[in-house]
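Novice: Given the coordinates of chain C, assemble chain S onto it according to the supplied hints.
As you go down the protein sequences, you meet chains C and S in turn. Per the working numbering, the first sequence starts with residue 1, numbered consecutively. Per the working numbering, the second sequence starts with residue 1, numbered consecutively.
Among these hints, one or two may not hold up.
To be verified - Partial list, computed: chain C residues near chain S (C-beta under 7 angstroms):
#1 S141
#2 M296
#3 M299
Claimed, not checked - Covered stretches of chain C, going by a simulated chain S footprint (3 or more residues, C-beta under 8 angstroms):
#4 85 to 96
#5 255 to 267
Treat the hints as calculated values from the structure; they're not laboratory data. Ideal Cβ placement from N, Cα and C applies to all residues, glycine included.
There are 2 protein chains.
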Amino acid sequence: MPYAIGVDLGGTHTKAALVSDDGAMLKTVKGDTPADSGPAAVLARIAELVERVMEALPEGETVGGIGVGAPGPVSRDRATVLRPPNLPGWKDVRLPDALADHLAGSVRQRMAQDAVILAENDANVAALGSAFYGAGEPYPSFVMVTLGTGVGGAIIHENRLFRGASGAAGEIGHMTIDYEGPYARSGVAGALEAYLGHKFLTRHARYQLLTRPTCLHEMTEADLADLDPVTLHRAAMGGDPAALEFFAWAGHKLGVALGAIVNLLDIRTFVIGGGVSAAGDVLLDPVRNAIPRYVMPGMRSGITVLRETRGNAVAVQGAARLVFEHAEDRA
Amino acid sequence: MPYAIGVDLGGTHTKAALVSDDGAMLKTVKGDTPADSGPAAVLARIAELVERVMEALPEGETVGGIGVGAPGPVSRDRATVLRPPNLPGWKDVRLPDALADHLAGSVRQRMAQDAVILAENDANVAALGSAFYGAGEPYPSFVMVTLGTGVGGAIIHENRLFRGASGAAGEIGHMTIDYEGPYARSGVAGALEAYLGHKFLTRHARYQLLTRPTCLHEMTEADLADLDPVTLHRAAMGGDPAALEFFAWAGHKLGVALGAIVNLLDIRTFVIGGGVSAAGDVLLDPVRNAIPRYVMPGMRSGITVLRETRGNAVAVQGAARLVFEHAEDRA
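Chain C on its own, in the form it takes in the complex (with noise of 0.2 angstroms):
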């Protein structure tokens, strides 16, 4: 059984786990990241969780490698993290050699003589976590839009990662919806993330339902100034007319960037994951809903939008995939 060790580096927390390749996780480890104290310090972190998860190896066997999910871009030959944008001190950072040098000697000795050490984009690894072991398994072709503080995503073309020329294929929430619409912190106007990030979601449900009567008035102080995502799908899903009218408006503008990507790609199906996702159908309805709208009638069928409900595990066992597939491309 090939065994590989998946790591989620993020910028508060990193996330390790052993991975078989049916994707069981033998042990998962978390701890946080010293983002504020440099690379080094980073790399002494994961060095550190690899170290525990290595534990739950069984006698006899041997890890093919270590796959890392990093926030950011990644080089085209996944070898060098390139600048991310949470953490300080990064840029360039080759990390076969950089992380290799922080490895305990306990943890070399059972790494296979051919280990690879690969990183990859979180988004794009998450994505082939889901096509492997979550959501998005039964779809070998899918699109997967993570809704966070930005919105993320990735492209999968017939159980393969679309990476495009030099790897950052996937950057969803850049993708104008309206070239005149708002800006995003980008600087593209009307793009998704201008909508649908964060902060942005929650200021325009600030000016959508300051002067309406809403339970949400109650729900929070200060007009509405401390507004959140959990926040108003609470207020939805207890009824509230408000509430549900803005996330109708917020999935519909989802919608639209999912329906130029059919028509371009004519890939139909949608896993959407991040912290925002969480509202369920109360956003996901009205995204089915728009999507034909944007969507030229020959190509309106078999449309499926589905929600990715395991975020963390398959971050890890997506990092965990990428040893997995480069040992299967190689072999």
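Specialist: Below, chain S without anything else, positioned relative to chain C:
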């Protein structure tokens, strides 16, 4: 030297060529498409054109097959022409059987034993031709956009067509750039075609230029009612500020859509063909200016927008390429 016959089946004309796998066209012929007489008459015309180009086949050689670029959607197995919008009476025509029935005995004798008949959507075929024998040749991955009556497109990824789940990928004209924008024929609000499709383009031009001082009032009759892209282009080349401004408006709209594509696919090369693209840099410079404004900061470098000037040739070459590719895959 492998040979194939490429056929470009259009609503009004059909072209065919005998092509060798280096792209050389040994003989090219063209005929009317008897579209109103139904599928049998059209298939007979194709068979006749095939017979004529076969005359150029060198003594002792055989032809590996016939590739046909057809308007509208084609089944994923490249056998069935589904419902071409400009060919009345066609509905799910299985081309390998239907065309073979019409081929002359002299043609069949010179087809290889394992010869194939393959169909593919005409926009895809044009992109394939551009990728191997046209402006796209230096680029392993690019997106082709065809600006004609409608706005078509295709994706070439690592020298292959990216076809999507059912083979319908590349419908760029139906991507929205403004979810509350003008309606295209498809019913999609703000679809690219609602700005750049031939009829829409001239209508927008008329609205924008009607009350402005421009030489177009003298170049056209009856309040710009007979305005067309060629006249617009002539005015712009003469330095008419209003015509130049109109092309800047139109190019901006195309750039918005191409920017969205860069974010999604990380493909940064675009090849623009079709009648309207004859406007050249008057249209394409505004496209080049607009794209980066709709792309996230990290992906704005290396963006290239080219013209495919060999439109007719790459269509038949691309159709022949279907046959060569099929043979390579089988080998």
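Novice: Within the assertion that chain S covers the stretch 85 to 96 of chain C, do at least three residues meet a Cβ-to-Cβ distance smaller than 8 angstroms?
Specialist: Coverage by chain S is violated for the stretch 85 to 96 of chain C (0 residues, Cβ < 8 angstroms).
Novice: Would the hint on S141/C stand, with a C-beta cut-off of 7 angstroms toward chain S?
Specialist: holds, 6 angstroms
Novice: Do three or more residues of the stretch 255 to 267 of chain C come closer than 8 angstroms to chain S, measuring C-beta to C-beta?
Specialist: With 9 residues closer than 8 angstroms to chain S, the stretch 255 to 267 of chain C meets the three-residue bar; holds.
Novice: Can we keep the M296/C interface hint, with Cβ of chain S closer than 7 angstroms?
Specialist: holds, 4 angstroms
Novice: Against chain S, with CB atoms and a cut of 7 angstroms, does the hint on M299/C hold up?
Specialist: At about 6 angstroms, which falls below the 7 angstroms cut-off, the nearest Cβ of chain S leaves the hint on M299/C intact, so it holds.
In the structure shown, a violation is registered for the earlier hint numbered 4 alone.
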